[in-house]
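Chemist: Given chain A, work out where chains B, C and D should sit, using these hints.
There are 4 protein chains.
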Amino acid sequence: MKHGLGIPDSEFVRGDIPMTKQEIRILTLAKAKIGSADTVIDIGAGTGSLSIEAALLAEQGRVIAIEREPEGFDLIKVNATKFKAANVEAVLGAAPEALEGLPAADVIMIGGSGGKLPEILRCADKLLKPGGRLIVTAVTVETLSTTLNIMRQRSEYSVEACCIQVTRIQQVGASNMFKALNPIYIIACSKKG
Amino acid sequence: MKHGLGIPDSEFVRGDIPMTKQEIRILTLAKAKIGSADTVIDIGAGTGSLSIEAALLAEQGRVIAIEREPEGFDLIKVNATKFKAANVEAVLGAAPEALEGLPAADVIMIGGSGGKLPEILRCADKLLKPGGRLIVTAVTVETLSTTLNIMRQRSEYSVEACCIQVTRIQQVGASNMFKALNPIYIIACSKKG
Amino acid sequence: MKHGLGIPDSEFVRGDIPMTKQEIRILTLAKAKIGSADTVIDIGAGTGSLSIEAALLAEQGRVIAIEREPEGFDLIKVNATKFKAANVEAVLGAAPEALEGLPAADVIMIGGSGGKLPEILRCADKLLKPGGRLIVTAVTVETLSTTLNIMRQRSEYSVEACCIQVTRIQQVGASNMFKALNPIYIIACSKKG
Amino acid sequence: MKHGLGIPDSEFVRGDIPMTKQEIRILTLAKAKIGSADTVIDIGAGTGSLSIEAALLAEQGRVIAIEREPEGFDLIKVNATKFKAANVEAVLGAAPEALEGLPAADVIMIGGSGGKLPEILRCADKLLKPGGRLIVTAVTVETLSTTLNIMRQRSEYSVEACCIQVTRIQQVGASNMFKALNPIYIIACSKKG
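Chains as they are written, first to last, in this note's numbering: chain A, 70 to 262; chain B, 70 to 262; chain C, 70 to 262; chain D, 70 to 262.
The set of hints was computed from the structure by calculation and includes no laboratory data.
Glycine included, each C-beta is placed from N, C-alpha and C at the ideal position.
Be aware that one or more of the hints could be misleading.
Only pairs whose alpha carbons sit at most 27 Å apart, straight line, appear in this in silico DSSO-like list of lysine-lysine [to be verified]: (1) D:K185 to D:K260; (2) C:K248 to A:K248; (3) B:K90 to B:K146; (4) B:K185 to A:K248.
Taking CB as the label site, the calculated pair distances span [as the list claims (entries may be wrong)]: (5) C:Q239 to D:S244: 26 to 32 Å; (6) B:Q222 to D:G170: 34 to 40 Å; (7) D:D78 to B:R191: 42 to 48 Å; (8) B:Q240 to A:N218: 18 to 24 Å; (9) C:R223 to A:P187: 20 to 26 Å; (10) D:G183 to A:G170: 55 to 61 Å.
Chain B regions said to be covered by chain C (calculated; three or more residues, Cβ under 8 Å) [said to hold, decoys possible]: (11) 96-106; (12) 236-250.
Here chain A stands alone, though its shape is the one from the complex (with noise of 0.2 Å):
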């Protein structure tokens, strides 16, 4: 199992789509134990950067990328090519209805739910292998509130949460500003094998 390839962000091509951070990327994707042969869903794929790292893990399995706008489905493209992730699948829609005739998965992340968390877990759950990984990653309350609530009440899961607060260290002159980024929470959920 690999866990992270730690790719610098200035690295990805990314326009003006919101980036999960380096620190991000590799603490979802551990908490996602990522196996070299699994097939991962990532919900709500933005620029790619999370399915690049986790295809590259994965690198006898599939990532099939969902990202309902335009712009973010192109970058998944572009970065793909350029980190020679051949395993990446890029799906322009949303879910839950992108998520409709999708084989069964071993992981799945979800970084956007475009306000349809409750339908859009319900389905990860029939995706998702006994023994299989979810992985939300919440910058909102009500994310974070209702994967908590939801999950929590299923006995097949065991539930970690945690909120990670990086703040970068920047030299500017001589000296070492404290610069912060927002504060992201992940709730990693195991199914039962």
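Modeler: Using the frame of chain A, we list chains B, C and D on its own:
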């Protein structure tokens, strides 16, 4: 004793000058324990937001606001007028030179030091009355470590320090998003009476 | 208006009851904008640390401190005596029942809700005067999300919320160590006048 | 390259020795970019949690774990046996003395320095191969500022630093409580190849 008026950030005129945020002003002024007749010196006063709240607390006292940027110097006067803080005296200049000839102070606040922190701390010590409070707010590793290193060695001071990290929760559509402000370190030094 | 006295944590008698820390008390009281003649209700008052500082600010007003644990109820009285806050009235009981018959309030602070937050918010709304402030401090996801969910829908309130994370810097030998306190969410709701 | 195995904290045998927490281990190892044949030196190895995860990543390499406390030295061996990390060599001793005679390293991690950080950084520089990574994890202002001060001046290194603050979200009854871990500063220094 009064301790911080909680004026919203948006009420200050600020131009492009960085401003101490409301929560940090409240805590800085509380730790400064400003009395109603106190003489206060604010070094690196920026927009004057801290000076003005200090002046409203030290209603029979005076606040000397030192700022080396002409834009900041002008903003201090604009904001003092706006908030009717007639007891704020703006001084255009850089510490430690600008400290020469100033009266003994009950409270000295240092929000910027232009690379001359050890000299400024030395001058501040001379100006600070017994029983007075010296408060340094730091946004760099260097200001934090230099202040602690110097002040922990002065046996006539008791020193306490903390880091304050504020995350604003902003309504975006139906969601509440977490938006981090940069962390601020507050070093509060009380001179023995 | 005065806003938080900055009494050190160690001066309160506290037993085994969890206590709101100094920096959080200062910010909570500042956001509560307590006036000198205000009537304040503190729900889930714990050791009474917040009630007592509120009472010292509302010097011609009164503070009703509600606490359901007998140990806390006793500590409130001990601390009120210690700090000569004769205008604190300790009430042994649980909200919302304990709110019955209370006078209209300028400020209501909720630090604990015993699982009955929606009912308490409903009662608090009835007790709060126009122009009054309702301040909730939250240490759980549920209190944060329930408060935001309910209060954002009430058009007669303006709501602002933040998370405060304090890290104390402690001297250990020749080093200054970072020691985190738990994050606290403060939701400040102002009722239109 | 593999980057952090995400072993839960509770699986390590730890006694009373402080242990680097899971999220910090994951990020430290990712920033160390440990290769499968790397030689790694872990200074101030504590319970060995970081050494053992490094050893499982450097499966054809070796990890030298230096610890000056006998209790820690014993725990390293216990944990190495438990996790079948035969390529961990525990050394009882204090740096910089204990570094003498060690082989050139691809990765040097410093988690404790016993007040001799400048000397240790000097020795570490001599042991580190071109293209190698030096990672310091700091829990004090002094370690943070000394490391930045020394390493920013060495033009053959590129230095990046961040602070990681993890808040665990724990289920307590029907609630999810926020429990802060202490912040950790990670300074990652890459030596030019």
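Chemist: For the pair D78 of chain D and R191 of chain B, does the Cβ-Cβ distance stay inside 42 to 48 Å?
Modeler: Since the Cβ atoms of D78 of chain D and R191 of chain B sit about 46 Å apart, the hinted range of 42 to 48 Å holds.
Chemist: For a C-alpha distance cap of 27 Å, please report whether K185 of chain D and K260 of chain D respect it.
Modeler: holds (21 Å)
Chemist: If I claimed the Cβ atoms of R223 of chain C and P187 of chain A lie 20 to 26 Å apart, would that claim hold in this structure?
Modeler: Check passed, 24 Å falls within 20 to 26 Å.
Chemist: Given the hinted pair K248 of chain C and K248 of chain A, is their alpha-carbon gap at most 27 Å?
Modeler: holds (20 Å)
Chemist: So does Q239 of chain C sit 26 to 32 Å from S244 of chain D, Cβ to Cβ?
Modeler: holds (29 Å)
Chemist: With a cut-off of 8 Å between beta carbons, are at least three residues of the stretch 236-250 of chain B near chain C?
Modeler: Result for this restraint: holds, n = 6.
Chemist: Residue count check for the stretch 96-106 of chain B against chain C: does it reach three with CB-CB under 8 Å?
Modeler: Holds: 4 residues of the stretch 96-106 of chain B have a Cβ under 8 Å from chain C.
Chemist: For the hint 18 to 24 Å, verify it against the beta carbon of Q240 of chain B and that of N218 of chain A.
Modeler: holds (20 Å)
Chemist: Taking the Cβ atom of G183 of chain D and the Cβ atom of G170 of chain A, is their distance within the range 55 to 61 Å?
Modeler: holds (60 Å)
Chemist: At the C-beta level, are Q222 of chain B and G170 of chain D separated by a distance inside 34 to 40 Å?
Modeler: At 38 Å between Cβs, range holds.
Chemist: Tell me if the straight-line CA distance from K185 of chain B to K248 of chain A falls inside 27 Å.
Modeler: holds (22 Å)
Chemist: K90 of chain B and K146 of chain B were given as a pair; does the straight-line alpha-carbon distance stay at or below 27 Å?
Modeler: Status holds; Cα separation ~19 Å.
Hint check: no violations occur; every hint is consistent with the structure.
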